[in-house]
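Enquirer: Here the protein sequences come in this chain order: A and B. Everything in the first sequence is counted per the numbering used here, starting at 615 for the first residue and increasing by one. Everything in the second sequence is counted per the numbering used here, starting at 112 for the first residue and increasing by one.
Everything labelled a hint here was simulated from the structure, so no lab data went into it. Take these hints with a grain of salt, some might be off.
Which residues of chain A face chain B? A few of them, derived with a C-beta cut under 10 Å, are [what the hints assert, rightly or not]:
{"hint": "1", "residue": "A675"}
{"hint": "2", "residue": "E936"}
{"hint": "3", "residue": "V951"}
{"hint": "4", "residue": "P955"}
{"hint": "5", "residue": "G956"}
{"hint": "6", "residue": "G970"}
{"hint": "7", "residue": "S999"}
Note that this is a predicted model, so its numbers are computed, not measured. Using N, Cα and C, we set each Cβ at its ideal position, and we do this for glycine too.
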Amino acid sequence: MEQPLVDLRVLEIGGSVAVSAAGKKFADFGANVIKIEPPTISEVRKIPPFPDDNFHIDHGAMHLAFDTSKKSMILDYSTNSGKEILKRMSSDSDLIIIDLPAKDSEELINLINSDAGSSTNIVTITPHGMDGPYKDRVENDLSIFGWSTRSHRHSISGRAPLRYGPYAGIVQIGSTAAAVGIAAVWGRKADGIARVVDISGVEALMGNVDSAFFLWAVNGATQPRSSGQSRGLYPMGAYKCKDGYMLFSAGRDPMFTKLCNAIGRPEVAKDQRFIDPEQRPSHFEDFKKILEEWLITKNKYEAFDHFQEHGVMACPVLDASELQNDPQTVFRQSYIVREQPGLGDITLAGPPFRMGGLHSDSWVSTAAPNFGQHTNEILKQYKYSNDEIIALFRAGVTT
Amino acid sequence: MSNHSLEGIKVVEMAEAWAGPVGASLLGDMGADVTKIESYPRHSLTRPTSSRYATMPGNGPVYERDALHHQGNRNKKNLAMDLRTKFGKEIMRKILSEADVFIEGYAAGKIAQLGFDWEEVQKINPNLIMISIAGWGLAGPYKNMVTLGAGLDATTGHLSVRGYPEGDFVDTHPNFHSDATGSSTIFFAILTALIQRNITGSGTFIDLSQWEALVWQFPAILADWSMNKRIPARLGNADMHIVPHGVYKTAEDDKWIVVVAENDDQWARLCEVISHSNWADLSHAYSSIIGRLKGRKEIDEAIEQFTIKYNGFDCADLLQKNNILASPVVTPPDVLLSKQLYERDWHKTIEHKWTGPVMVGGFLWNVEPDNLDWNIPTALVGEHNKEILLKLGYRSDEIDAFYKKNVIGNKYSD
């Protein structure tokens, strides 16, 4: 079967982790994605880990994962010659995703849409959006997450607020850009109108779920931050078992009753100390003792099976060493092994979804391109002559 | 001419908690016509009937004022229906026959029990796109297992890399990151299938494992193991290769600020502002990245001696004016202090029957020339029963009979 997005041409500009993650969603399902990289080396290529901790411009984990199935060209789009190339390339593109400072993005939007009647869908990713007093602020993975309310929420009172795993927020912003980008592509095909989408990273993080703002705004509630374990809506959080930790999301009924049944203590689910919202917090330690007495005799996979048999939302806390051998992962082949030229076999996450079912052929993963691997090929595709390409190379516009 | 990207797309959503409902709301934001099929008479986790859970102020039923429900269900109509009944199934068949997209978010096998798995729905409507979003997908030993986003965070390895370096997992708050990322992946998957339908002329089925969709977001976690046989360390806010890169105290109790200097230029500007300009002189060890990596503790202390004199917003303003990466660590009430969000008119006020006007967060994106709006506030249980059934061709007396037979409903009992 032909891949679903094979007719789409997508340009990603900026070389950031966010724009690379956005472009990958399209490349995964067959779109022709060209990664236009600055001569100064894309951010996504600089992010560790690297194999054996040896830095290499083509071997960073983020690049290997997020740039699969794309082509790479190097272009100095700050020069007039670079802009001329970009304008030519944009003319037959369905979508351009840009992650640059707001003023640079604005300039590219004006450039791309400067001819009457020629316009394409553009998504800009910036930390704070394309207008407003903070539009020129610089942020990174940590600082933008600080704005999201999620750092503060997921920390302990009096101790430093915490980000999530490195680049978790940035990749979420990239996924958000991909979603609205493909909607714009659909919209243009339906009504002929090209969209210009402004994604503020802060708004994308704060406006989605997991943010604490909505809950506070609508009912004034702030989340208790005394512990990772909820003391009101318990059990919610990680609890120690025989060989690690189990994560529970079982504070609400009917989940709480099921959990009490699962540990052989059905009377707890009827005990006012544990169900009356007024009394509950002051009896947290009593409940914790009851649960941990049961848990400490079970290893995490044993507890996982048992709780799930009772319909209780409880899961083992796994680390990186346990992921590939997890029975579900093995069954679904959730990770793939693929040869990366110059590096050998590497392991990557498989499809984010399976079109047509489990054994889908709609998803592809070809090697992530070396830095500027396709510059020459792409310029020829856009009818530049060999001499013109050499001229651009000598001037440092391409590499 | 339409100016909503997804105008004309009919979406049927049957999902609970967050990833599925939020994905459907995002489609609604972009102009799709979304109908939520709400479980009835069983109520979902986010429709509690007991007042023991935190609810939004107001006088109406508790299940109409659950904040978690409101957060994930804007811009969709609501049909509350018992799909186990003969007439419920009949109504569902009619709805699906006219739909473009069907989102179902139950554990594997549940939708088949109700008679609406892919095998059946493609007979009803071969052009339909159906997406199942079971936590671990529709196949495999975990297919029947249940979880919320926090469980996916635990089993994908993300929980293992976040949290305080010196603490244990008990100190790490559960999160719902998978719902935030899953919603956009669901959205993307549906649009991919719609584009494919334009090519093939027929619908398709999508098996979206929320676990796999989340793992996609974290390539570095597995890479450190597969490349280097190393379990990634919990670094908290630190970056092994960047100093300073941290969260620091401010003048206000339990209020914090992020400060980062990623290169020598940013570092020199920071040194100037915190009155340690000699630390940027070539003769000083900290003027180089290598020196700073060795001086993390002293540098962090010096920065905190500076930040602790200011509140987070003022300090961030001062540092950002000097092109230094800095942001206040924002609490929910602090969001209202952001001049940026105010200027961009990000917050919205919506009116709801039982809660009155409430202020909520805005959209994830601005789309020109589309005009995004919170057109339909979180719908009441069965609020659109009559409207939807009339459109399907049912008469008013038939609809009344459906109420009497509990095929449809508009209130839950304990």
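Enquirer: Now tell me if each hint is right for this structure.
Expert: Going down the list of hints, with the structure as the test:
1. A675: Holds - the Cβ of A675(A) comes within 10 Å of chain B, reaching about 4 Å at its closest.
2. E936: holds, 8 Å
3. V951: At 9 Å from the nearest chain B Cβ, V951(A) passes the 10 Å test, so the hint holds.
4. P955: violated, 16 Å
5. G956: violated, 14 Å
6. G970: holds, 6 Å
7. S999: Check failed: Cβ of S999(A) comes no nearer than 35 Å to chain B, outside 10 Å.
The structure shown violates the earlier hints numbered 4, 5, 7.
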